[in-house]
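Chemist: Below are the chains, spelled out letter by letter.
Protein chains: 2
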Amino acid sequence: MATTTSGTRRRVGKPRGSYAKTDEKRRAILDAALEVFAQSGYRSGSIRDIAERVGMSEAGLLHHFPNKSTLLAAVLERRDDRAVQFIPLDENFGGRSTVNGLLELASYNASEPGVVELYCTLSAEGTSPDHPAHQYFIDRYEWSRGMIERAFTIIQAEGDLRPGVTPASAAARTLAMMDGLQVQWLLDRDVLDMTEELRNFFRTIVSYEL
Amino acid sequence: MATTTSGTRRRVGKPRGSYAKTDEKRRAILDAALEVFAQSGYRSGSIRDIAERVGMSEAGLLHHFPNKSTLLAAVLERRDDRAVQFIPLDENFGGRSTVNGLLELASYNASEPGVVELYCTLSAEGTSPDHPAHQYFIDRYEWSRGMIERAFTIIQAEGDLRPGVTPASAAARTLAMMDGLQVQWLLDRDVLDMTEELRNFFRTIVSYEL
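Residue numbers (full-length UniProt numbering), protein chains in the order written: chain W, 1 to 210; chain D, 1 to 210.
In isolation and in its complexed conformation, chain W is listed as follows (with noise of 0.2 Å):
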């Protein structure tokens, strides 16, 4: 790890103090992406409006990330990260324990409207075929589903799937139902409670008490 950094700054030449800095400008800089994608979603978002609140010129934040879609994959790669500190990338994770990490993450969401925001929009807008975030969705799509299915099957071999469940059938619905859930939210946060109603379709899913 050491070693990386280091690497890393000897290859760029430049002292620690501009390293933090730069760092603080990135992040900055991936925080109003995030907003304005959100909000206005990735075609409609410009870079000049992302530029504005973070105080900077179009050309200074280019220089940061070069075109709209590195930025794009750097906002989206920045969530995963946060993600996946719910439900950790070990094959052997356990069944229930990834569904426990499925509701921690509905919990986490729930305290970040905007992250919800950005994903539905982008994933809505990523079903075209031309947008530059559509590889990225059906291979996340794909990923989550295999790993959810990895969790209904050792579920399964323990005897606590209901009759009738298929470990692929109940991990796409699981999906499905977590990023429905978030639509009718954003619309209105008093209509439902996202972790409850998540726990309400997995205990139609699964036979142990939860």
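Hints in this document: simulated from the structure, not taken from any laboratory.
Just so you know, not all the hints are guaranteed correct.
Unchecked claim - Over the 10 Å line for every Cβ pair with chain D, so calculated as not near, a few chain W residues:
#1 Ala20
#2 Ile47
#3 Asp80
#4 Val84
#5 Leu103
#6 Glu104
#7 Ser107
#8 Glu112
#9 Met147
What the hints assert, rightly or not - Covered by chain D, per the in silico footprint, the following chain W stretches (three or more residues, Cβ under 8 Å):
#10 29 to 41
#11 125 to 137
For every residue, glycine included, the Cβ atom is placed at its ideal position computed from N, Cα and C.
With the hints as your guide, set chain D onto chain W.
Modeler: Coordinates of chain D only, in the frame set by chain W:
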């Protein structure tokens, strides 16, 4: 009905032929608007692009729909008229009939990817309070949840709702499931069958054979 038609004719004072032509143009504009809004969203979708698709000038289009939000409202209204074929508005429509109607609606949607894309993109964009369709979506979800809740209440009275399931929660989750399945289906049409997964979902909610 005849009175209304002749009344309208007198008011505008044009012969029958012009009417048919006007209707045809309006329909062509709405088809083009649906495509453009579905692909680019409402915010990025341009009147000019819509006009070009039907071989009109922007001014010509604005003669039929005075602005972009009127056009959006007309596109949404037209789509709702079609959806209501599957779920009659009659309060006494019945529990099982509503569930069957929603399954038929899911099948119909699978034959109209453009319409699904429109709803998916617009409902995501429309979660922003400043979006022209924001109130439309709030009202639409409230109405739909109420209608589905009534259906599940009837099913419950018939003893066919699974233990622990409440009609209100089941209604919110039904809409969430339909919306969420659409995102995954739009990303990859071979990955899941929306009607089949909706049926799998209903099977965990109701106890009668489905």
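Chemist: Taking a Cβ-Cβ distance under 8 Å as contact, does the region 125 to 137 of chain W have three or more residues in contact with chain D?
Modeler: holds (count 6)
Chemist: Is it the case that glutamate 104 of chain W keeps its Cβ farther than 10 Å from each residue Cβ in chain D?
Modeler: Correct as stated: the minimum Cβ-Cβ distance to chain D is 19 Å, above 10 Å.
Chemist: If I take the minimum Cβ distance from glutamate 112 of chain W to any residue of chain D, is it greater than 10 Å?
Modeler: Given a closest Cβ separation of 14 Å, the condition holds.
Chemist: Take a quick look at isoleucine 47 of chain W and tell me if its Cβ sits farther than 10 Å from every Cβ on chain D, holds or violated.
Modeler: Isoleucine 47 of chain W clear of chain D: closest Cβ-Cβ about 15 Å, beyond 10 Å.
Chemist: Over 10 Å from every CB of chain D: does serine 107 of chain W meet that, or does the non-interface label fail?
Modeler: 17 Å, holds
Chemist: Please verify that the nearest CB of chain D lies beyond 10 Å from methionine 147 of chain W's CB.
Modeler: Label holds. Min Cβ-Cβ 15 Å, cutoff 10 Å.
Chemist: Confirm or reject the statement that valine 84 of chain W sits farther than 10 Å, beta carbon to beta carbon, from all of chain D.
Modeler: Per Cβ check, valine 84 of chain W is outside 10 Å of chain D; nearest 20 Å; holds.
Chemist: Does the no-contact call for aspartate 80 of chain W survive, Cβ to all of chain D over 10 Å?
Modeler: 17 Å, holds
Chemist: In terms of Cβ atoms, is chain D entirely out of 10 Å range of alanine 20 of chain W?
Modeler: 35 Å, holds
Chemist: Does leucine 103 of chain W clear chain D by more than 10 Å, comparing its Cβ with all Cβ atoms of that chain?
Modeler: 15 Å, holds
Chemist: Go check the region 29 to 41 of chain W versus chain D for me, would you? Three or more residues, Cβ under 8 Å, otherwise it fails.
Modeler: holds (count 3)
The structure fails none of the hints (numbered hints given earlier).
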